[in-house]
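Each chain, written out:
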Amino acid sequence: MAAIKEEGLISIVKGNMVVIVGRRACYMSYVAQRLLEGLKAYPTMYEVSEVFVARMTLIRNLGRILSENDKTLVAPMFLVVFIGGKLLGGLDRLIAIHVTGKLIPMLKAAGAIWL
Amino acid sequence: MNSAPTQVAASGRLSIYEPNHQISMWGDSFKADSSQNTSASTIVEGEVKLSDKLEDNSHEALRQSKKFDQEANRPSDKVLRRLAQNREAARKSRLRKKAYVQQLESSRIKLSQLEQELGRARQQGLYIGGNLGDSALGFSGSVNSGVAAFEMEYGHWVEEQNRQICELRTGLQAHVSDIELRILVESGMAHYDNLFRIKTIAAKSDVFYLMSGMWKTTAERFFLWIGGFRPSELLKLEPLTEQQVVAVYNLQQSSQQAEDALSQGMDKLQQTLAETLTSDPLDLSGTNNYMEQMTVAVGKLEALVSFVNQADHLRQQTLQQMYKILTTRQAARGLLALGDYFQRLRALSSLWAARPREPA
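Line by line, the protein sequences give chains A and B.
Under the numbering used here, the final residue of the first sequence carries the number 115; numbering is consecutive throughout.
Under the numbering used here, the final residue of the second sequence carries the number 360; numbering is consecutive throughout.
Don't read these hints as lab results, they were simulated from the structure.
Among the hints, erroneous ones may be present.
Unchecked claim - List time: in silico DSSO-like cross-link candidates among lysine-lysine, alpha-carbon distance up to 30 angstroms:
id: 1; chain 1: B; residue 1: Lys268; chain 2: A; residue 2: Lys86
id: 2; chain 1: B; residue 1: Lys204; chain 2: B; residue 2: Lys268
id: 3; chain 1: B; residue 1: Lys204; chain 2: B; residue 2: Lys78
id: 4; chain 1: A; residue 1: Lys108; chain 2: A; residue 2: Lys14
id: 5; chain 1: A; residue 1: Lys14; chain 2: A; residue 2: Lys40
id: 6; chain 1: A; residue 1: Lys108; chain 2: A; residue 2: Lys40
id: 7; chain 1: A; residue 1: Lys102; chain 2: A; residue 2: Lys14
id: 8; chain 1: A; residue 1: Lys108; chain 2: A; residue 2: Lys86
id: 9; chain 1: B; residue 1: Lys324; chain 2: A; residue 2: Lys102
id: 10; chain 1: B; residue 1: Lys92; chain 2: B; residue 2: Lys78
id: 11; chain 1: B; residue 1: Lys268; chain 2: A; residue 2: Lys102
id: 12; chain 1: A; residue 1: Lys40; chain 2: B; residue 2: Lys204
id: 13; chain 1: B; residue 1: Lys110; chain 2: B; residue 2: Lys97
id: 14; chain 1: B; residue 1: Lys98; chain 2: B; residue 2: Lys110
id: 15; chain 1: A; residue 1: Lys102; chain 2: A; residue 2: Lys86
id: 16; chain 1: A; residue 1: Lys86; chain 2: B; residue 2: Lys324
id: 17; chain 1: A; residue 1: Lys40; chain 2: B; residue 2: Lys300
id: 18; chain 1: A; residue 1: Lys108; chain 2: B; residue 2: Lys92
id: 19; chain 1: A; residue 1: Lys86; chain 2: A; residue 2: Lys40
id: 20; chain 1: B; residue 1: Lys300; chain 2: B; residue 2: Lys324
id: 21; chain 1: A; residue 1: Lys14; chain 2: A; residue 2: Lys86
id: 22; chain 1: B; residue 1: Lys78; chain 2: B; residue 2: Lys97
id: 23; chain 1: A; residue 1: Lys40; chain 2: A; residue 2: Lys102
id: 24; chain 1: A; residue 1: Lys40; chain 2: B; residue 2: Lys97
id: 25; chain 1: B; residue 1: Lys300; chain 2: B; residue 2: Lys268
id: 26; chain 1: B; residue 1: Lys300; chain 2: B; residue 2: Lys110
id: 27; chain 1: B; residue 1: Lys204; chain 2: A; residue 2: Lys108
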């Protein structure tokens, strides 16, 4: 079932100009959405199930244990923003890119906004 | 029809469904058939009568046994009555004990709940005292230690900030070289980075404390936005060349947009939190619902940590971008103006606290 969900996710990410992948009722996803909508880029919201989140968290934790890399202050995994089919990052990355003025050109290049 | 009641008794509860099923089938095909209706009621009545009869039989047995005893040992009639009364009294006493124990149990649960609430309230009340005094130790260990540590570090931060502002002022007035200014500016920026770093740690320890702004002075608290100053406040403080006007304007726009998005997120959090805690007072499903609601509410509050982190991140990004746009000298002036602004806010708080009050 996870495989099917991932297939759907990939096609959505590739097929839409701006995609926000997040958990249900995540406030950060809402903030990202409002920010992009304020720029007239209307993102596609994709909701991952809690099962998916649990699985991803497990994989990441295992990876951390195996690599003995104890960066405990790691950003939460979701939400993730994709622009033009490419991974951008989390909300802090989105804000950083916007403050440095790179977000709008990126959105224009992806065709999410014009003018 | 006479066999029906015994069938009812033998097959127990399931029997209830069988007659009804048959009846509904009949009902579909023979709706006008009133005789079928009477048969249904007969079966139901038969069941009721049978159960009554069973009860009656048992009572009858009891009465008969009592009667038998009385007839056999007539002289000890009073003894028997006393024994019966004893039994009755014992039974009532057991019931009373059971009720008392149940009451004790529920009181115990209530007590632990109250203790928890009291502990929390003490922490809250402590912050008001903690800002004025150094008595942040004491009540409930671990959370307050995070708060106490932050207050201490923030106190140091403000002292260092004041010192750096003085250095900036003297440096600018003395027209020192750009290189020296650059050093001052960079240490100023690093100092703000320090602030955001200790705030992040404090947010993990107690986000509500951070959000309350109790660690700031009163006038600063007036401008509080998600646990700190508004990023847009950073950008009103600088004279600029023409090229920079555009860049600063864009920065202002972006920062404001991010600020707005975060504010909207906070509004949504408040709204859904209020909805989660609102319950129908006539809801009879009682305690289970309450615990569910509380658990959901606790989950939502955890989002506050993310909000504070993102707000601080925005503050940091805005500062850094400002620094990129400006020349060294402008950045020095900007940092000085910013530091001055907050210093004056703090001074205003002290003046306000010390103002003469009119007698009531």
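Now for the hints, and whether the structure bears them out:
no. : hint                  : result
1   : Lys268/B <-> Lys86/A  : 29 angstroms, holds
2   : Lys204/B <-> Lys268/B : 22 angstroms, holds
3   : Lys204/B <-> Lys78/B  : 76 angstroms, violated
4   : Lys108/A <-> Lys14/A  : 16 angstroms, holds
5   : Lys14/A <-> Lys40/A   : 20 angstroms, holds
6   : Lys108/A <-> Lys40/A  : 11 angstroms, holds
7   : Lys102/A <-> Lys14/A  : 21 angstroms, holds
8   : Lys108/A <-> Lys86/A  : 14 angstroms, holds
9   : Lys324/B <-> Lys102/A : 14 angstroms, holds
10  : Lys92/B <-> Lys78/B   : 21 angstroms, holds
11  : Lys268/B <-> Lys102/A : 28 angstroms, holds
12  : Lys40/A <-> Lys204/B  : 34 angstroms, violated
13  : Lys110/B <-> Lys97/B  : 20 angstroms, holds
14  : Lys98/B <-> Lys110/B  : 18 angstroms, holds
15  : Lys102/A <-> Lys86/A  : 15 angstroms, holds
16  : Lys86/A <-> Lys324/B  : 27 angstroms, holds
17  : Lys40/A <-> Lys300/B  : 28 angstroms, holds
18  : Lys108/A <-> Lys92/B  : 83 angstroms, violated
19  : Lys86/A <-> Lys40/A   : 19 angstroms, holds
20  : Lys300/B <-> Lys324/B : 37 angstroms, violated
21  : Lys14/A <-> Lys86/A   : 8 angstroms, holds
22  : Lys78/B <-> Lys97/B   : 28 angstroms, holds
23  : Lys40/A <-> Lys102/A  : 16 angstroms, holds
24  : Lys40/A <-> Lys97/B   : 70 angstroms, violated
25  : Lys300/B <-> Lys268/B : 11 angstroms, holds
26  : Lys300/B <-> Lys110/B : 25 angstroms, holds
27  : Lys204/B <-> Lys108/A : 37 angstroms, violated
Going through the hint list in order, the structure does not satisfy hints 3, 12, 18, 20, 24, 27.
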